[in-house]
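With the hints as a guide, bring the two chains together.
Respectively, the protein sequence lines represent chains A and B. Note that the working numbering has the first sequence beginning at 1, numbered continuously upward. Note that the working numbering has the second sequence beginning at 1, numbered continuously upward.
Errors might be hidden in some of the hints.
Pairs of lysine to aspartate or glutamate residues, derived as DMTMM-like cross-links and limited to a Cα-Cα distance of at most 20 Å, are as follows [to be verified]:
| # | chain 1 | residue 1 | chain 2 | residue 2 |
| --- | --- | --- | --- | --- |
| 1 | A | K60 | B | D86 |
| 2 | B | K107 | B | E134 |
| 3 | A | K60 | A | E80 |
| 4 | A | K37 | A | D70 |
| 5 | A | K113 | B | D86 |
| 6 | A | K37 | B | D60 |
| 7 | A | K60 | B | D60 |
Derived from the structure by calculation, the hints contain no laboratory data.
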Amino acid sequence: MKRHFSSQPVMIELMIVVLFFGILTSIVAQMLTSAVKTSRASTARSEALIAVTDMVERLKADPAEGCFQDTVNGVAVTAEVTAEHSDVGTLYTITAASADADPVSVTTARYIKEAGS
Amino acid sequence: MNTYRVSRPAGLTSCGSDQEKTMRTPRAGRFTGLIIFALIGLLLAVCLLVLTAGSRVWNDLGARTNQNYTVRTVLSYVANKVHAADSVEVLDDNNGVLALGADYGGKKYNTYIYYQDGALLEYFGRAELSFRPELGQTVTECGGFSARREGSMIYVTVTDAEGQTFGMHLMAEDGLS
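Just chain B, same shape as in the assembly (with noise of 0.2 Å):
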């Protein structure tokens, strides 16, 4: 019978023996056993990560959106309201109140728009009758609202939630009264 011996390739070396595998296994074991904690560690850093960047970027989102809204509905509303008026008037001794005069068949009217309590109100009522700010309706919140004569112009400002305030001048179309 005929017996083949067969060489080691080059490059290749022995794995050693069964006790030397024995004794290299617990060493070899605890070091894998690190490394997928660390790799556990790091995918749950990673995944606090994202969560408190994407409720950050969430948060800033909607204050953003709030803002524009808020800024932007207050002063087109402002604005619209100014032009189509008949007269406009800013009474001063009341918190820049502003008083917009419109006739209807022969008879006048007062629009009265004003910020109160955390939001621009609108209160519409005959001319002769007093202003009652108590029963006026909410058009939308805001953190704040003011107008003021600034030569032939009104200038108004909104305040949004954030604190932050903008200013926007208006031209009444029959000037103020």
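Chain A extracted, bound-state conformation (with noise of 0.2 Å):
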């Protein structure tokens, strides 16, 4: 009796690989997506925080009360400044955010002495 070779056996555990690294690559590609984004928003803080620290750096410099807005290295900045006024000096408080959808946020102070106090 002739035998032939049967290749349905070889196709059906050929098809289960197949399915098994598509299924594998699917979570390579979900992670590798998610470490992407992840590194793209560690970028973006990392560039907020430049911004929003610079913002605080040249308010500081030469403070004075008020709302501010920005754009520093491209990231749009906002800042508040608020007083506390004394016989002897005066507090700056500056809190200066990124406006994005992850804000990153920055508070100081500077105390400014009153002249011949």
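Quick look at the structure:
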């Protein structure tokens, strides 16, 4: 009796392997996408922090009460400066934050003595 | 002896004669072989795709991490040094070298921060001694660094390994000297 090679089991095994690799690929693709998103978010936060710090430094050098807006290194930054006056000086509190979905905020203070005190 | 005739259920067809089977097998085998090769090819293509995408993402992540590290490290380091200094000076004639003065025990010392040969360097010495760039110690590697005066502030820029430049204003606590 002549026997013929049956390719059906090989096909089924291969299809299982392809399916398995397909599932693995989709998992790896999701992980890679997640890693890229996290990396981009990290870079954006780093740039936002630099921009916010720049704004804070500028306001600290020459403080004045009020709200301010500026774009630093392509990042929109808003800041608010409040002042507490006393007989001997003024305490300026500066809060700056990046104007994006995941804002970075920095708060600092500067005390300036009144002249002659 | 009773004989039973089994009738074929509705919907089922004959598998054909042995002769027909023998004639159909080579063509079907070729077709199946092609599908098997196609599946193996698909498998290899997917593996290649995953490897290529993975390596690209890996490189991208490395570059971004390096960029974040370099820029933030340099800017934080310089900002802290400037804030802590008693006096700040920018040596404009020397490619924007930052000269930060400090008094220790009544003696004046200078810290020079500058860029040379792909790295940010720091040289610390007595104020009366001349600045010798070749004696500086490496702080971190970066693509570039510069400092310049902007009114009452200092504007420092850092360039990462990819060539992207970031700038930041810094206020000297006691003003520029």
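Comparing the hints with the structure gives:
Distance hint between K60 (chain A) and D86 (chain B) is fulfilled; the C-alpha atoms sit about 17 Å from each other, no more than 20 Å. Only pairs whose Cα atoms come within 20 Å are accepted, and K107 (chain B) paired with E134 (chain B) is rejected, the gap being roughly 24 Å. Proximity of K60 (chain A) to E80 (chain A) is assessed by CA-CA distance (about 11 Å); at most 20 Å being required, the pair is judged to hold. About 26 Å separates the Cα atoms of K37 (chain A) and D70 (chain A), which puts this hinted pair outside 20 Å; it is violated.
This hinted pair checks out: K113 (chain A) and D86 (chain B) have alpha carbons roughly 18 Å apart, not beyond 20 Å. Of the pairs offered as hints, the one joining K37 (chain A) and D60 (chain B) holds, with about 11 Å between alpha carbons and a cut-off of 20 Å not exceeded. For the proposed pair K60 (chain A) and D60 (chain B), the alpha carbon gap of about 36 Å is over 20 Å, so the pair is violated.
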